[in-house]
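J.: Knowing the structure of chain A, use the given hints to seat chain B on it.
2 protein chains.
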Amino acid sequence: MKLVLDAMGGDFAPEETVAGAVEFTRDFGHTVFLVGDEKAISHELAKHDTAQLDLPVIHAPDAVEMDEQPAMAVRRKKNNPMVVGMKLVKEGRADAFCSVGNTGAVLTAGHMVFRRIRGVHRAVLTTPFPNYRGLHVFGDVGANTDCRPEWLVQWAHMLSIYAKVLLNIDNPRVAFLANGEESGKGNQLIKTAQVMMAERNQLNYIGVVEPKEMMAGKADVVVTDGFTGNIVVKQSEAVAKFIFQILKEEILSRKRAKVGVALARPAFKATLERLDDREYGAGLLLGLNGLVTIAHGRSKRENIYFALKATSQLVEADMLEKTRHKIETLLRLQSQLQEEWT
Amino acid sequence: MKLVLDAMGGDFAPEETVAGAVEFTRDFGHTVFLVGDEKAISHELAKHDTAQLDLPVIHAPDAVEMDEQPAMAVRRKKNNPMVVGMKLVKEGRADAFCSVGNTGAVLTAGHMVFRRIRGVHRAVLTTPFPNYRGLHVFGDVGANTDCRPEWLVQWAHMLSIYAKVLLNIDNPRVAFLANGEESGKGNQLIKTAQVMMAERNQLNYIGVVEPKEMMAGKADVVVTDGFTGNIVVKQSEAVAKFIFQILKEEILSRKRAKVGVALARPAFKATLERLDDREYGAGLLLGLNGLVTIAHGRSKRENIYFALKATSQLVEADMLEKTRHKIETLLRLQSQLQEEWT
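Just so you know, the sequences run in chain order A and B.
One point on numbering: in our numbering, the residue at position 122 of the first sequence is 136, and numbering is uninterrupted.
One point on numbering: in our numbering, the residue at position 94 of the second sequence is 108, and numbering is uninterrupted.
So here's chain A without its partners, still in its complex pose (with noise of 0.2 Å):
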């Protein structure tokens, strides 16, 4: 398998994607082609063993800078590592892209050099959600602000085979997010997609969820518009991040406390890594001609080597090929409803 990684992408490139490509290409085998500045990406490569490992490096000198609008960068500078190493894809020269950060830059890209599966609406950006049982598929984290219900059937649909693959179950009980637990809640966006997918879907499809149901683990796959996912995703960071600090506080202010915290600091540690989303290796964006991860901005090298990990197995799983196959399915069981109607 030949996997394409951003070596320029997050905070810590090109130190840290080098370096969890190298100990992921010799724990399983894979090639995977390192795209950015050449000089930099030799120079980390230099500071590993790299004999036995294919580690190809592909020149892609037009860096993203932090004062660009990341679209239009991505645009104006075609030798940029992402639209280079998404090349690498199209062209069969390698199976999938994976990325780091910058979600705008990546749908760009995406969207100029793989476009759209043809009878997908919009391209979907969905990750994996801790949940009190483990974890759930959450989609859309902020591809599309502005949605229709007739989209959100149908990342319902993809989304349920991504779960599928990712948590390895056979039926995935897919949900919509909605302010509260009862059939017909939901603003007109969310109630008219549940009308719609009573009368058309294939899935194990349980109705909304609330918050409170979706952290409990209630659905397998929830779907929501990319708004509110992206503001469901940061809220839930900002609150994490909040009470720790408040902990912090708290703690730190008395001197009973501190001791005795020094002694459940593995506790500690145990929950920030079952909190920390970086574990699950890397987000997915669907619904293009081409297997497209999105690993975290802030991801360390042992992220990056879960992405990588997480990226082989969606190709593994031929993902993309199930997805298309399902979007045919549905297009077709949507004209049907539409003859018998006519």
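Wrong hints could be hidden among the right ones.
Treat identical chains as interchangeable: a pair holds within one or across any two.
[Unchecked claim] Simulated pairs of lysine-lysine, DSBU-like, Cα-Cα distance not exceeding 30 Å:
#	residue 1	residue 2
1	K226	K262
2	K104	K283
3	K314	K53
4	K340	K272
5	K336	K262
6	K226	K178
None of these hints come from the bench; they were simulated from the model.
Note that this is a predicted model, so its numbers are computed, not measured.
T.: Just chain B now, with coordinates in the frame of chain A:
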């Protein structure tokens, strides 16, 4: 001052509602009308020393049952505590109505009895929300799931008055919630609201905030639609609960950690208190011709006490007249703008 309390509202009524009202009346000397089942309320009152206290009981026997649609029940059963209690305020016999839980029913009853202030697009549900620096005012948190941008602009002005009273600050910083911190971020609703706000506002408007900035306390007023706002509040509660659940599990599975956390218990308790929004009194339903506050459905006696206290502060600050005045000024400004354009 005379307040009205829905003595039958919430999970622990009438025991906790009556007890909270007794303590509040004892400390502040105000009158609190207790509305609901006369026998049940009198039974609770008899448990306390109420000599010198002014706690008239108003019989309103029509209970909203668990299996009823609350909004429907309020319309059908006119002798329910909400409608009867609000009428006391409308007739001038009391200054404000404090409800407990069941937002849907309160909304319906509030619109039925008081109607909207002339010029107000929609009533907005707002609540104090904890952030790292203290509190901000957040709304809409569930009254309107589908919104128009001009509503959000109007709410920004209304919530700004509330923030002045609640947080005791002169010129509250006002922002819209968005999926990023750059100007122009958001869905179509928030983008249009930003443009409208830039054209006509008399506020200390600082643009958009994303969740991490909101939780850092960058704004004193954060405005959003009622679907997003409700989900943000519920997701925050769910994440907090989730974190403490995991932390507990991880601690209980480790002997040393268990000992340690026993020493740190006061720090945990203090943290939970800083996170508990019930401490801050009550939410406010703003935009009706009557002052209506909403305490949490899980409220115990001390929460009812704080809710009544917060309600009395809003009466003292002449919240209702200030809102009316602000709406009139805004409407005048809008028609001036229209004249200039034509």
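J.: None of the hints should be skipped; say for each whether it holds.
T.: Outcome of the hint check:
1. K226 / K262: both (25 Å within a copy, 18 Å between copies)
2. K104 / K283: The answer is neither: 41 Å in one copy and 56 Å across copies each exceed 30 Å.
3. K314 / K53: Classified as within: same-chain Cα gap 21 Å, cross-chain 65 Å, threshold 30 Å.
4. K340 / K272: neither (55 Å within a copy, 50 Å between copies)
5. K336 / K262: neither (47 Å within a copy, 41 Å between copies)
6. K226 / K178: The answer is within: 23 Å in one copy meets 30 Å, while 32 Å across copies does not.
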